[in-house]
Amino acid sequence: MNNYLDLTITELHDLLLSEKITPKDLVDEAFERIEKSSLNAFITLDKEGAYRRCDELEKNKELMKESLLYGIPIAIKDNINTKGVRTTCASHMLENFVPVEDAFVMNKVNDAGMIMIGKANMDEFAMGSTSQTSYFGTPKNPWDLSRIAGGSSGGSASCVAGGLCPIALGSDTGGSIRQPSSYCGLVGMKPTYGRISRRGLIAFASSLDQIGSMTRNVYENALVLNALVGHDELDLTSSKHETEDFTRFIGKDIQGLKIAVPNYFMSDIVDAEIKEKVLETIELLKRNGATVDYIDIEHLEHAVTLYQIIAMGEASSNLARFDGIRFGYSCENPTSVDDLYSRSRAEGFGKEVKRRIMVGSYLLSGDYATEYYTKALQIRNHMKKSFDQAFQKYDLIIGPTTTTCAYPLGEGVDDPRKTFLDDVLVIPVNMAGLPGVNVPIGFNHTHMPIGLHIIGNRFEEAKMYQLASFIEKELQLDLKVKEGNHE
Amino acid sequence: MNNYQKTIGIEVHCELKTKTKMFSDTLNSYEGSENSHINTIDLAYPGTLPLINHGAVQLALKAALLFHCDINKTMSFDRKNYFYPDLPKGYQITQARTPIGINGYVMIEVQGEKKKVRIHDIHIEEDTAKSIHQVDKSYLDFNRSGVPLIEIVTEPDMHTEEEAMAYLHKLRELLVYADISDCKMEEGSMRCDVNVSVSMNEQLGVRTETKNIGSISSVGKAIKAEAKRQIEALENGEKIVEETRRFDEKDEKTILMRVKETGNDYRYFPEPNIPEFTLTEEEIEEVKQSIPKMPDALREEYHELNVNENNIKTLIAHRELCSFFEQVKEYDSVITSNLLTGDVLSYLNKNNLKIKDIKLTKEHMRDIVQKIHDQEISSKQVKKLLPILMEKGGQVAILMNELGMVQISDDHALQQLVDQVIADNPASVEDFKNGKDRAIKYLMGQIMKASRGQANPVSVNRLLLDTLNKGDLN
Numbered sequence: 001m002n003n004y005l006d007l008t009i010t011e012l013h014d015l016l017l018s019e020k021i022t023p024k025d026l027v028d029e030a031f032e033r034i035e036k037s038s039l040n041a042f043i044t045l046d047k048e049g050a051y052r053r054c055d056e057l058e059k060n061k062e063l064m065k066e067s068l069l070y071g072i073p074i075a076i077k078d079n080i081n082t083k084g085v086r087t088t089c090a091s092h093m094l095e096n097f098v099p100v101e102d103a104f105v106m107n108k109v110n111d112a113g114m115i116m117i118g119k120a121n122m123d124e125f126a127m128g129s130t131s132q133t134s135y136f137g138t139p140k141n142p143w144d145l146s147r148i149a150g151g152s153s154g155g156s157a158s159c160v161a162g163g164l165c166p167i168a169l170g171s172d173t174g175g176s177i178r179q180p181s182s183y184c185g186l187v188g189m190k191p192t193y194g195r196i197s198r199r200g201l202i203a204f205a206s207s208l209d210q211i212g213s214m215t216r217n218v219y220e221n222a223l224v225l226n227a228l229v230g231h232d233e234l235d236l237t238s239s240k241h242e243t244e245d246f247t248r249f250i251g252k253d254i255q256g257l258k259i260a261v262p263n264y265f266m267s268d269i270v271d272a273e274i275k276e277k278v279l280e281t282i283e284l285l286k287r288n289g290a291t292v293d294y295i296d297i298e299h300l301e302h303a304v305t306l307y308q309i310i311a312m313g314e315a316s317s318n319l320a321r322f323d324g325i326r327f328g329y330s331c332e333n334p335t336s337v338d339d340l341y342s343r344s345r346a347e348g349f350g351k352e353v354k355r356r357i358m359v360g361s362y363l364l365s366g367d368y369a370t371e372y373y374t375k376a377l378q379i380r381n382h383m384k385k386s387f388d389q390a391f392q393k394y395d396l397i398i399g400p401t402t403t404t405c406a407y408p409l410g411e412g413v414d415d416p417r418k419t420f421l422d423d424v425l426v427i428p429v430n431m432a433g434l435p436g437v438n439v440p441i442g443f444n445h446t447h448m449p450i451g452l453h454i455i456g457n458r459f460e461e462a463k464m465y466q467l468a469s470f471i472e473k474e475l476q477l478d479l480k481v482k483e484g485n486h487e
Numbered sequence: 001m002n003n004y005q006k007t008i009g010i011e012v013h014c015e016l017k018t019k020t021k022m023f024s025d026t027l028n029s030y031e032g033s034e035n036s037h038i039n040t041i042d043l044a045y046p047g048t049l050p051l052i053n054h055g056a057v058q059l060a061l062k063a064a065l066l067f068h069c070d071i072n073k074t075m076s077f078d079r080k081n082y083f084y085p086d087l088p089k090g091y092q093i094t095q096a097r098t099p100i101g102i103n104g105y106v107m108i109e110v111q112g113e114k115k116k117v118r119i120h121d122i123h124i125e126e127d128t129a130k131s132i133h134q135v136d137k138s139y140l141d142f143n144r145s146g147v148p149l150i151e152i153v154t155e156p157d158m159h160t161e162e163e164a165m166a167y168l169h170k171l172r173e174l175l176v177y178a179d180i181s182d183c184k185m186e187e188g189s190m191r192c193d194v195n196v197s198v199s200m201n202e203q204l205g206v207r208t209e210t211k212n213i214g215s216i217s218s219v220g221k222a223i224k225a226e227a228k229r230q231i232e233a234l235e236n237g238e239k240i241v242e243e244t245r246r247f248d249e250k251d252e253k254t255i256l257m258r259v260k261e262t263g264n265d266y267r268y269f270p271e272p273n274i275p276e277f278t279l280t281e282e283e284i285e286e287v288k289q290s291i292p293k294m295p296d297a298l299r300e301e302y303h304e305l306n307v308n309e310n311n312i313k314t315l316i317a318h319r320e321l322c323s324f325f326e327q328v329k330e331y332d333s334v335i336t337s338n339l340l341t342g343d344v345l346s347y348l349n350k351n352n353l354k355i356k357d358i359k360l361t362k363e364h365m366r367d368i369v370q371k372i373h374d375q376e377i378s379s380k381q382v383k384k385l386l387p388i389l390m391e392k393g394g395q396v397a398i399l400m401n402e403l404g405m406v407q408i409s410d411d412h413a414l415q416q417l418v419d420q421v422i423a424d425n426p427a428s429v430e431d432f433k434n435g436k437d438r439a440i441k442y443l444m445g446q447i448m449k450a451s452r453g454q455a456n457p458v459s460v461n462r463l464l465l466d467t468l469n470k471g472d473l474n
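Top to bottom, those sequences are chains F and P. If you read the first sequence in this note's numbering, its first letter stands for residue 1, the second for the next number, and so on. If you read the second sequence in this note's numbering, its first letter stands for residue 1, the second for the next number, and so on.
Please keep in mind that the hints were generated in silico from the structure rather than gathered at the bench. There's no promise every hint is true.
[What the hints assert, rightly or not] DSS-like cross-link-like pairs, simulated, lysine-lysine; straight-line CA separation at most 25 Å:
# : chain 1 : residue 1 : chain 2 : residue 2
1 : P       : 293       : P       : 114
2 : P       : 114       : F       : 375
3 : P       : 137       : P       : 170
4 : P       : 80        : F       : 354
5 : P       : 383       : P       : 354
6 : F       : 36        : F       : 59
7 : P       : 362       : P       : 380
8 : P       : 260       : P       : 293
9 : F       : 240       : P       : 449
[Said to hold, decoys possible] Some chain P residues near chain F, calculated using beta-carbon distances under 10 Å:
#  : residue
10 : 4
11 : 7
12 : 30
13 : 52
14 : 89
15 : 132
16 : 135
17 : 250
18 : 273
19 : 275
Beta carbons: idealized from backbone N, C-alpha and C, even for Gly.
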């Protein structure tokens, strides 16, 4: 085996340009690695499509010269529509659902010359923090196969960290890109809400959902963001912000950068080992000319509650379309329309999804709507304003991405409150529509990765990559999982 | 029984005349087979997102302006959640918080008395798919799914069937005139739900809602039947409960469909996929300018132009014909209104055509009026000419030539005809002398016949009377 997939994208690009390798070599290797792997990172592989793409790309040498991402295998979270390739949302409900249209991001992935090799495992309908709600089994953490990869984009994190492919797309409603990236030692960016079109992303909570990428390093993450952005006139929430080169500040020093740390992010809710690593990083930044202040952001402690109300309310409505009539699972021999509805949904959805639909429906009903939903929107707005105020004084906000490192499989399955609390530090970013990125800053005593969470003002992803790349360069962590660890 | 006062509020849904649907770009059309105007958005496929049809927003704005509403310039949409097979998303996108128009009114007239019916709000929403039920199966046609609608909700300001019907006639007239909706109740592009309550005092009684009534006259019957039912129930000591009913046309009775659940069971919340947007002053002004003259103003104007009452009625009832009349009335409002409501309308009706489908132009009307004024064409000739113009077009003067429609106005030539006819009809001449006016008509007819319709009737009439009165016939 050549182990091409351990090389950086820049190195691979040089090999492709000098025609020492072809895209097919990379795809061959990806499928070889996937076959040997026990990560359960994929729900569906698309060998036929991937090799067809290889043939197309080999005829398109122009694109090879233009795009650094040409020929690079990519995994797509299984809640992103892929034309002709089943898109299950890790649910029995959509086990056989084959989209007739590609998501907007798939057009971008193809335009850049990337090759989709398969659909990554996840929590059912992205509802979970451990990927244990998947109908197709739980993806595992390549650093320790007895632990979770996180969620909901657990399969995406697992396959990139496990070296199965260099890039994966995920979606982030309340931390679902950043938390698994932290658990698996990856760079994972949730861009500004609206930065990447949501068309073709199967909705969980529409006002929070955002697609983003998970990669092995900062530069490659910025490259993928370059490829995915652009206004989509078919998504009314898609931003008209100018496209830009997100790599442009990478390598710059951080002299004079003004950084804030919310006190709540460094409170007792965070594991001591993680706090220590973050403090070390803060010292590193100070030594290099950045200022770091501790500040208060309002309502951070309510983030999980807000999330439960808003996300579940929206989810209960978004998932109403799965009625057994036009697509998806349909129960056998229904005796009436009501029977068709209730049995198709009872049999098609998993436990966590049903729980969230019920809670969400309850919270939106009658007087509860004013008591909970309207109130939650008000607090969300306050939180947003509090962030806005902070960004008037500071360039970036940082803190730990998670309160703990990846924990053993099986934990939290019966305790939904616990898994929500995993996301307490990442949810506020979705609430405020801000961009957030995870960058690895070290390991705990069991050698599980620890991540730093960098939050930027809206549309300031480039500045976040600047800081992330600086940390990456200074720390020089060995983030390659030992070979054979996951086989 | 007479002590009860009825109180009526009406909700009307109208389909907007747009090219495409409210939240997708598929055609808003019922032509073609079932499920031929659908896409993944209309079917609520996973991953699809709504778009906004700004044409529909403008039509709704036009309606809100027509109904004298305050405009919510900053608009957002909401989801109304419920399960039904004809509702593919499991929710309807509507405007609960920011209806495009609020606090409007419509003036109605019942038995010569004017009355204001207040409009609570006008909001934009989407239509559902159509369910077609058969004995053991139901089918869904999604062509209607997502068709733009406005819902117009009144305050409970009406107290008689007549007022309710007058309101609906007025509403339809306004919407049709402003080209906002077809308002065809029989085809479902206008649908009515009626809220009725009865009470013996100032306090309103418990209301029921009777849904989807098929015609305006049925609305009157439904209100009558429902009020009667409620009064009888109250008289029997029963209580009225909030419920949804339907009207049985055959038995002229309302029938219970379902009892309303208490409170808000639709789980309304803001539609996160459609960001709030704001109408500009220019846009509002532009829509204001696009509102044509409305029937009440037209009636008054036509009256002043000496158009007769019947013609006014006919013109107002046919919006497209009326807008053609607007273009030609300057030539001669009486002649053109007669021609349009007479020969032209009957031709259109006979051939099931619309004015835009035929070749008749403004210039044709101008030329015909000119020829009539100059006495160069007889009404009989106009009758013959119009169908040709409507079907094939062409130029009036050239066509008249081709058809040999030359009017003989030369007195010398006409005198010969007059003399001939008088000589041939001594009996009629005798009748004339005996004071029988009928004889004139007969003689005129004979002369016109002899001229093959080409004689100028005014000249003939003059010459005939002169000749008969000369008295030197014997």
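Verification of the hints:
no.	hint	verdict
1	P:293 / P:114	holds (20 Å)
2	P:114 / F:375	violated (46 Å)
3	P:137 / P:170	violated (40 Å)
4	P:80 / F:354	holds (20 Å)
5	P:383 / P:354	holds (19 Å)
6	F:36 / F:59	violated (31 Å)
7	P:362 / P:380	holds (21 Å)
8	P:260 / P:293	violated (42 Å)
9	F:240 / P:449	violated (78 Å)
10	4	violated (32 Å)
11	7	violated (26 Å)
12	30	violated (21 Å)
13	52	holds (7 Å)
14	89	holds (5 Å)
15	132	violated (14 Å)
16	135	violated (15 Å)
17	250	violated (27 Å)
18	273	holds (5 Å)
19	275	holds (6 Å)
This entry does not satisfy hints 2, 3, 6, 8, 9, 10, 11, 12, 15, 16, 17, going by the numbered hints stated previously.
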